[in-house]
Structure formats: C-alpha cells, structure tokens
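These are the residues of each chain, in order.
Protein chains: 2
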Amino acid sequence: MEDQRFGLSRRVTLPGPLRLDGGAMLAPVEIAYETYGTLAPDGGNAILICHALTGDQHVASFHPRTGKPGWWTRLVGPDKPIDPARDFVVCANVLGSCMGSSGPASIDPSTGQPYAMRFPVITVRDMVRAQAMLLDHLGVATLKAVVGGSMGGMQALSWPATFPDRVRACVVIASTARHTAQNIAFHEVGRQAIMADPKWRGGDYYGHDDPPAAGLSVARMAAHITYLSEAGLTEKFGRKLQAREAKGFGFDADFQVESYLRHQGLSFVDRFDANSYLYITRAMDYFDLAEEHGGLLANAFRRTDARFCLVSFDTDWLYPTIESRHIVHALNAAGRAATFVELSSPYGHDAFLLDAPEMNRVVDGFLKGGR
Amino acid sequence: MEDQRFGLSRRVTLPGPLRLDGGAMLAPVEIAYETYGTLAPDGGNAILICHALTGDQHVASFHPRTGKPGWWTRLVGPDKPIDPARDFVVCANVLGSCMGSSGPASIDPSTGQPYAMRFPVITVRDMVRAQAMLLDHLGVATLKAVVGGSMGGMQALSWPATFPDRVRACVVIASTARHTAQNIAFHEVGRQAIMADPKWRGGDYYGHDDPPAAGLSVARMAAHITYLSEAGLTEKFGRKLQAREAKGFGFDADFQVESYLRHQGLSFVDRFDANSYLYITRAMDYFDLAEEHGGLLANAFRRTDARFCLVSFDTDWLYPTIESRHIVHALNAAGRAATFVELSSPYGHDAFLLDAPEMNRVVDGFLKGGR
Numbered sequence: 001m002e003d004q005r006f007g008l009s010r011r012v013t014l015p016g017p018l019r020l021d022g023g024a025m026l027a028p029v030e031i032a033y034e035t036y037g038t039l040a041p042d043g044g045n046a047i048l049i050c051h052a053l054t055g056d057q058h059v060a061s062f063h064p065r066t067g068k069p070g071w072w073t074r075l076v077g078p079d080k081p082i083d084p085a086r087d088f089v090v091c092a093n094v095l096g097s098c099m100g101s102s103g104p105a106s107i108d109p110s111t112g113q114p115y116a117m118r119f120p121v122i123t124v125r126d127m128v129r130a131q132a133m134l135l136d137h138l139g140v141a142t143l144k145a146v147v148g149g150s151m152g153g154m155q156a157l158s159w160p161a162t163f164p165d166r167v168r169a170c171v172v173i174a175s176t177a178r179h180t181a182q183n184i185a186f187h188e189v190g191r192q193a194i195m196a197d198p199k200w201r202g203g204d205y206y207g208h209d210d211p212p213a214a215g216l217s218v219a220r221m222a223a224h225i226t227y228l229s230e231a232g233l234t235e236k237f238g239r240k241l242q243a244r245e246a247k248g249f250g251f252d253a254d255f256q257v258e259s260y261l262r263h264q265g266l267s268f269v270d271r272f273d274a275n276s277y278l279y280i281t282r283a284m285d286y287f288d289l290a291e292e293h294g295g296l297l298a299n300a301f302r303r304t305d306a307r308f309c310l311v312s313f314d315t316d317w318l319y320p321t322i323e324s325r326h327i328v329h330a331l332n333a334a335g336r337a338a339t340f341v342e343l344s345s346p347y348g349h350d351a352f353l354l355d356a357p358e359m360n361r362v363v364d365g366f367l368k369g370g371r
Numbered sequence: 001m002e003d004q005r006f007g008l009s010r011r012v013t014l015p016g017p018l019r020l021d022g023g024a025m026l027a028p029v030e031i032a033y034e035t036y037g038t039l040a041p042d043g044g045n046a047i048l049i050c051h052a053l054t055g056d057q058h059v060a061s062f063h064p065r066t067g068k069p070g071w072w073t074r075l076v077g078p079d080k081p082i083d084p085a086r087d088f089v090v091c092a093n094v095l096g097s098c099m100g101s102s103g104p105a106s107i108d109p110s111t112g113q114p115y116a117m118r119f120p121v122i123t124v125r126d127m128v129r130a131q132a133m134l135l136d137h138l139g140v141a142t143l144k145a146v147v148g149g150s151m152g153g154m155q156a157l158s159w160p161a162t163f164p165d166r167v168r169a170c171v172v173i174a175s176t177a178r179h180t181a182q183n184i185a186f187h188e189v190g191r192q193a194i195m196a197d198p199k200w201r202g203g204d205y206y207g208h209d210d211p212p213a214a215g216l217s218v219a220r221m222a223a224h225i226t227y228l229s230e231a232g233l234t235e236k237f238g239r240k241l242q243a244r245e246a247k248g249f250g251f252d253a254d255f256q257v258e259s260y261l262r263h264q265g266l267s268f269v270d271r272f273d274a275n276s277y278l279y280i281t282r283a284m285d286y287f288d289l290a291e292e293h294g295g296l297l298a299n300a301f302r303r304t305d306a307r308f309c310l311v312s313f314d315t316d317w318l319y320p321t322i323e324s325r326h327i328v329h330a331l332n333a334a335g336r337a338a339t340f341v342e343l344s345s346p347y348g349h350d351a352f353l354l355d356a357p358e359m360n361r362v363v364d365g366f367l368k369g370g371r
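As given, the protein sequences belong to chains A and Y, one line each in that order. Take the first sequence: its letter number 131 is residue 131 in the UniProt record's numbering, and every next letter is one higher. Take the second sequence: its letter number 130 is residue 130 in the UniProt record's numbering, and every next letter is one higher.
Simulated from the structure, these hints should not be mistaken for laboratory data. Among the clues, some could well be false.
Given that identical chains are not distinguished, each listed pair holds provided it fits within a single copy or across any two copies.
Unchecked claim - Listed below are the simulated EDC-like cross-link pairs for lysine to aspartate or glutamate, each with C-alpha atoms no more than 20 Å apart in a straight line: (1) Lys68 - Asp364; (2) Lys236 - Asp314; (3) Lys199 - Asp210; (4) Lys240 - Asp21.
If you're wondering where the values come from, they're calculated on a predicted model, not measured in any experiment.
Put together the whole structure using the sequences plus the hints.
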C-alpha cells in the first residue's frame, strides 16, 4: 500500500512509430509516468494530469532526484479534488522532456548516440498523442477528465480537440489556446541564452559532463520573472538588500530579488536538460489551437461532448485572463458546456501551483458535477 | 551654421575629482556632449536633456557611428517644443557609458589600462553631479529645464533633489522614482547573461577584439521585451511567420518576432559596451530617490522651487503610470507645482521615443508656461 500511496513510478517503451506534426516518425516512444489509485472495472475513473514546461510525472509523490513533494499535492491526494481513493490518476512526463520520456537526451536507435538536436521538433499535440498511446497501454479508453495548468492546460485543451471521444471533462488552468508574440519573445530569449553558451556545443554536450549550465540558468531566470506578478515580487522582495545593511557598490547580488533569481537559475540546471528546454519551449511557441483547426478556435471543440472548466488568475500576465476568455467564447460558439472563473491571487502565473483553496473548490465542484 | 544645426559634438576633460556615492573619487572626469543653439547673455535659456540607458548625447543630430538621426528629433529641433533657435540645449553622455564619457572602457590613469570592472560603481546622482560639472564648464548656472525619459527621467528627478537652486523646471517622461523588484530582476537577467559569456573575461575583454557579444545580445533581447507592450507586439508581429509559409520545425527564427528580437540583440552589440551595460543597469537598480532622502520621497522636493511635469503612457509596464502617480503625490506633499498626464499609446515604454504629438503638446505647453 505504501507504493500506491506514493505513486507507482514506471516507464514504458511503446513500439510506435508515432507520426509527429513535423512529419517525422518517432520510434520507439518511451514514456515515464506515475499512476495513483486503481482503474475501476468499467474504466470510468481515469484522470490524466498534464504537467507544465519544466514539470514532471511526480504530481503527487516525492521527486526522486530533489526529494521534494509532488508538484500538485494541493490538488491531488487523499481528500483532495482528485483523490486516488476514487480516481485512477495518470501523470506522464511529456514527450521531449528529460524525466524518462523520449527527448533530445534519449538514445537515437539509428546511431546509438543521444539524439541531441537531431531529435525531431515536437508539438503540444504530439505530446497528447504520446499520452494517448500510454492510455492505450494502460487500458484506459476514455478519460473522466484531463487536467492541466500552464502548458498542462494547453495539453488539456488539445485532448478533446485531438481525441474528441476519449475525454469527458477538461480542466484548463492559467493557460492559453495560443502563444502570443510576447510569449514567444520571452522563450526566444531563453533559447538564445542557451545557444549562446559555448558549452551547448550545438546540442552535443551529453558526452562532456559539462552542460550549458550558465545559459540554461539565464533562460530560467528570464522565464521565472514571467511566472511572478510585479506586486508579488514587490511584496516578497521589494528593494530589500541582502544580509549586508548598505548597498555593496559592486556586482554581487545586492538585492534579495537578485540572489533569489540566481538561486532559481542555478537550482534549475541540476534538474533539467538544456536541449529539452529548447524543444518544449518550441512546442509551446508553436501552439495555436485555432490554427490547427482552420483558423477558428471554435472548430477545435465542435466534435467533442466534453465539459470544460477554465480558471485564470487576475495577476497572471503570462497567460492573462483575456486568453481564457477567448477560449470560453470559442466554447460558447461551439455549443460546449463551459465554466469559467477568474480567481484573485497576488502570485501571478505561479498561483496555480500554490495554495489556492478557491481553485480547489472550483475543480472539485466541476469534477463532481460530471456524469 | 551647419555645425550649429547639427549640434556641436564635444568632449571635455574635467579635472575632478568627483566624489561618488559609493565613496570613490573619480579623476579625471571626461564628458562627451553636444550643444545646440546659443546660451543667452543672461544664461536663462539652457535646457539639459538626459538620455536613457543605452542612449547618447546625439539627441538631435546624426549619430556618428550608426548614421541615424538623433534619438529625440521629435521633441528637439526647429519648431519643436525644445528649439535651438530659442533654447541652448545640452545633452551629455552619462557617466559610465561608452560614447565618450568616463566609463569602464576608459583608461584608468593609475594603470594606463582600461578600468573594466575596476571602474567605480556609479549612481544616477553621480551622473547628475557630472552633468553639473559640465554645466559649470559651460557657464550655465541655472537650467531653464531638465528633461528626460526613462533613465533620463530619473536624472531629471534627481536634478532638483541634488541641486535645488540650479533648475527651474523638470520634465519626467515614462520614468520612476525607484526601481522595483521586477525592474531589478530584468536587469539582473541581463547582467547574468553578459557575465555568463566566457568572452566577458571578468570584464577584461578590451584587448581581445572579441567582446561578449552573445551575452550582451541576450541581455538586450530580454530588456527589449520590457520596452514594448504585449498589445504592440501582437499588433506588429502576432504569430506571423518569417518568409516561409509554414512552420520550419526547427530552431531557426520561425516567427517574425524572433528574428526581430535577434536583430535587436545583434545590432545593439555594435554600438554598446557590455561593461557599460553592467554599470548603468546597476545605477538604475540602485535608484531610489526616497531612500536618498530619509525614506520619504517628498523630502527630495522640499528644497527646490522647480515646477514639474510628469508624463506616463498607459501601456508602459516597465515604469507604469502608478510610478508617476507616486511622484506626483510626493510633489503635492512637498507643495510643488506639478502637471501630470497619462497618455494613451499602443507602444509601451518605447512610446516616449516614438511619434507622440500629445507628449509634444504637453511638454511645449509646460515649458512655455515657465517664467
């Protein structure tokens, strides 16, 4: 029972091939995932959780490398809106990532070497297709719900659009149906920071035990600013100085916000692969659900009967409320059932990962309202 | 007369020493500057223009390196609110910069080598003190007005606070009285990007003809995003692709906004020194006019009789309108005459450099309303 409580960490090699949006065929397709709870005999209790850009499959169990608790234990766990005592919870590392699923650090069977930049460029829809292959493997025909925040919300949106008959409910938190020019711009800064690091070596750094940590760290710092609100940063740090009492008149981290950001950058490189960062940001930048459906977002939702729940946060300037409204308008136009709430939080985009009792109530009520 | 029309580009070596906020003594103090027009016999027509982070003294005349017109010809020139036919216009390259004034690329007289990171850390107030030394040299006792946008606005604000009797009017556009945590965070990303570039060599790159262009370029890209509004980026680029019709499924610049940003980064390194970028961003991060005056911003304005004009732009999220409001409240508390207008523009922070007829009208009216 201990195993069940902390999730079953597994990895499956699916034969593939998986035809990707870019045209390439990927085989084999390795997927690392965790499950919590037990699939009901009628298969009706499966919930897929989709993770964000730098997330992982350890949604409600300790991360094996960092030892930290799962990233969404506030939402998934005993007596939580998603409860393994009732639900069969699946969370898979996305395609292109570096926590066990196929990505640029995986071995290319045609060469016996890591793919590096020879890994094919993927899309959010490709991630979803790989998840569907995993569900086939697990014997899950239809999802009770697919749930995700940020890039996880993009996958959640893409699910009913790609597999209209396989999902009954869709929860999209702090997300968007397409990346804006500003979203792309921030990601491009991160990619250029990585590629500018000579240790990146065109992506072929795996054999050198000396990854492009400096570039990846800068990329993470730039991205991290977009995850926080200006007000949240001011509340948490303001212009507070480090331990010293007066300004140092040098270039060490003088302000607390500087050392915080540096720490965010440095700790990130211990747990993430730079090439995966390139591939996943690219997939997010390519994401435009309307474009995939003839330029009209409503078209993405015409073939499904799924119910939708949208949640945004008022201080999220990465994927602001207006983006959720666009989705709701399209759902309305397509005649779909849609719940939408904008929640108040000082924490910006990151709010979906933090203590948000209102979010829990919304998700709980929405999931219980299902068939 | 041609010379007058296009400004007189000059450089002066002031003996100093200049005592800096950080405690160091700087000598000599070299200041590169331009003047337009003629100082009136009573000395009453001098206007000092202060430039922004990466700006220069060529406010209304062609840049000698890029060949581009002056950066504020919309505001300064014949029949403009600041007109050399009436006003004696002075614009100096700020201390710490790289267009001829003393900065990290200057020769340290004690070693005969460039200062590099041995240049003392400076503040906005130090920039203002150096400008005052230049005005002494030019025989300007009192300024009719000091005018600046962005970091130029910080200098403009610092002028009456530092030299209360030497300035009669102060125009502060798209600026702030202190850098917020988010402002500092973005600058720290830029500094880390530069310092992560191995070609930075701890700042001692001047002898190698191979500056840290990649790091400086990333720094500029990150900063550039903060100069534009999300709406402006969407209007200009949206998700438009480059010349090719379909996504490239690679890591070349696929979206127009990517190649635009890359161009911004690459063209910047031709005209700016990486160490100067470190020093000037540091000065901006240190800027907190209230802190310099006992923690109360109003105190900064109690000893001057200057009139103030504040202009903000509604889509400027770098120095949003609320920052100008803080300044106006402090001016009110100090009993100073203050005009404040928030202008509407789609262009974000950059609006102050672009065509803004309303801004011109506000500045024109304010300057004409003076004694």
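Now for the hints, and whether the structure bears them out:
For the identical chains of this complex, lysine 68 and aspartate 364 are neighbours neither inside a copy (25 Å) nor across copies (60 Å), given an alpha-carbon limit of 20 Å. For a Cα distance limit of 20 Å, the shortest separation of lysine 236 from aspartate 314 inside one copy, 18 Å, qualifies, whereas the shortest one across copies, 25 Å, does not. For the homomeric pair lysine 199 and aspartate 210, the shortest alpha-carbon distances inside one copy (7 Å) and between copies (18 Å) are both at most 20 Å. Proximity of lysine 240 and aspartate 21 under a CA criterion of 20 Å is satisfied inter-copy only: 19 Å between copies versus 48 Å inside one chain copy.
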